[in-house]
Amino acid sequence: MNARRSLGGIGGNMMAWGYALIILGPMIWILSNSFKRQIDILMGTTIAPVTLSNYQQIIDSRQSQFLWNLWNSAVVSVTATFFVMVIATVAAFTLARLQPPRWVTFILLGWALVFHMLPTLTFVGSWYVMFTSAGLHGTYTALILAQIVQGLPMALFLMIGFVMNIPRELVQAARLDGCTYGQVFRHLILPLSMGGMAAAGALTFISAWSDFAVALNLSNKDTMTAPVAIATFAQEHQILYGQMAAASMLSMLPALAFIMFGQRFVVRGLLAGAVK
Amino acid sequence: MAIRPLDAVRIERANLWWRIGSLAPAVIILAALSIWPVFNLAYLSLADVQWASGAAVVEFVGWRNFHELFTGEPVFWAGVRNTIVFAICAVTLQMIFGFTMALAVRRASKLGRNVLTAIFLLPIVIPPIVIGAMWRLLLGRDFGMVNFIFASVGLPQIDWLGDPQFALMSVIIVDVWHWTPFVFLLTLAGLESLDQEVFDAAKLDVKNRWQELRYVTIPLMMPTILVTLAFRMILSFKVFDEIYLLTGGGPGTATEVINFSINRVFFAQDRVGMGSAMSLVTIIGVAAMIVCANLVVGRRRKQRTEA
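Taken in order, these protein sequences are the chains called A and B.
For the record, in the first sequence the residue sitting at position 132 is 132 according to this note's numbering, with numbers rising by one throughout.
For the record, in the second sequence the residue sitting at position 86 is 86 according to this note's numbering, with numbers rising by one throughout.
Accuracy of the hints is not assured; some may be wrong.
Distance ranges between label pairs, derived from CB positions [to be verified]:
#1 B/W17 - A/T232: 45 to 51 Å
#2 A/K221 - B/D142: 39 to 45 Å
#3 A/Q238 - B/L194: 50 to 56 Å
#4 A/T141 - B/A202: 56 to 62 Å
#5 A/Q263 - B/W17: 36 to 42 Å
#6 B/V61 - A/Q172: 55 to 61 Å
Partial selection, computed: residues in chain B whose CB lies under 10 Å from chain A [said to hold, decoys possible]:
#7 W18
#8 S279
#9 L280
#10 V291
The hints are simulated quantities; they were obtained by calculation from the structure and are not laboratory data.
Glycine included, C-beta positions come from ideal geometry on N, C-alpha and C.
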């Protein structure tokens, strides 16, 4: 029994590690392509001379403004994440602990859930019309607003979950000591939900950074974000595989940083968000 | 310390402001940018919109867009069909692979699980457009890695993304690659949260691992499995980025999905009225599925807590 169990365990583990290889294989392949010359990629040369020219090309050639695209992505996703976290955290405290009227909670959270699951593209057209009429098409403001509303539902659900974990008694005790809700929030809820905010913030940032559908249609040449720039690489007459790979690698960096330094928070956010 | 009456009034007033003020930003953002757009779509879907120097000129045309959509837009309906096939196939495969691996890894060492988690997080957190770019290079007909491997073991060369027979399958494979790790992490967390005592108690009754799986683990995991299945399927209606780079909806309509039709009609063809009609029909359809899924899941949860 015991021997069979461990044998089955080994077989299953092999499957999981095999899958890990299937994930890593393409990543390593594209990493190596980003250091190859176009001719070596096309010839399928496995061991080719290493070159940094792809990175040089996309970073400081005249035709490419990929660094600028990365900067745009950073501006949009950092700003949107900041606003989402502020809005979601204060609302979460009220929704989780201050018993607003039930219909308020029901409508707000019910719609947030539905909106979160609806395809983004069904809203982009309407945003386009709205922002164009308001003269905001192609501005950071338009991109940031779209990212805020997209990130808000998930952040709201996550923060409510985290605030719920703070004992009710602590809030009651603070109230008895004469604190206003604002003070309870600042001195109690905020410090105690820092871990949760890190998790929700990481997730919000990752999805804003990855956004393509919105930026494709709401940005212009000056505000184009990194994912849109990568897509344009693929549509040029002659696809520059090496540069496309290099651009992909650069735009993966924030995600890699999160996995290395904040794995705990990302996993926590992902799981908490999925079960709700 | 006693609270003076005056303080009590001041605190009450501050608290009222806090309750309103803390919810207001979230409500305003959601109302202005997610609820208003739905009404806006409903309005635009009954109109024909022309752009004149950056301003929309709206002409009311009644039900014409909807009539055309239901009678004369075969590409959209091909997209609906493909999206449904895509959602069912991809999510089913993700569930099978993800759950099987989670069962296997459950008893692995802590270090092993942490390393696996780090690797499995990769596809989930990198931008989907990068996944599209990556697999486009991998599945390319002439220079792709997959055909290179096929050639070296004597298998035929396949035009993965350009052949209508294979294109949808290729897109499904990429999506399975993308989201199986997520199902894995989710079901692994579910398995780890199960009460170990149940398994200890069941040891007396079950003869082997298969029976344990069949009569203990799967019934206990059923809520997690159902929720994941329902919501992953609905979420896969969002698919756009990867397909944009992999096939662009082609060849023909082989990998056309709903989001592609909407994007093309709205932005490439500038048919705002028809695009709005398509968006609205999609919103209503998907929202109905979300409500149904919630009712089913909610009822099951209720039954469990009552039992």
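Consistency of the hints with the structure:
One distance hint, 45 to 51 Å for the beta-carbon pair B/W17 and A/T232, holds here, with the actual separation near 48 Å. Under the hint 39 to 45 Å, the C-beta atoms of A/K221 and B/D142, about 32 Å apart, miss the expected range. At about 55 Å, the beta-carbon gap between A/Q238 and B/L194 stays in the expected band of 50 to 56 Å. Under the hint 56 to 62 Å, the C-beta atoms of A/T141 and B/A202, about 58 Å apart, fit the expected range.
For A/Q263 and B/W17, the hinted distance range of 36 to 42 Å is satisfied, since their beta carbons lie about 40 Å from each other. Judged by the Cβ atoms, the range 55 to 61 Å given for B/V61 and A/Q172 holds: they are separated by roughly 59 Å. A hinted interface residue such as B/W18 counts as satisfied when its beta carbon comes closer than 10 Å to some beta carbon of chain A; here the least separation is about 4 Å, so the hint holds. The criterion of a C-beta within 10 Å of any C-beta in chain A is met by B/S279, whose closest approach is roughly 4 Å, and the hint holds.
The restraint placing B/L280 at the interface with chain A holds, with a minimum CB-CB distance near 8 Å, inside the 10 Å limit. Taking 10 Å as the C-beta cut-off, the interface hint given for B/V291 holds, the closest approach to chain A being about 8 Å.
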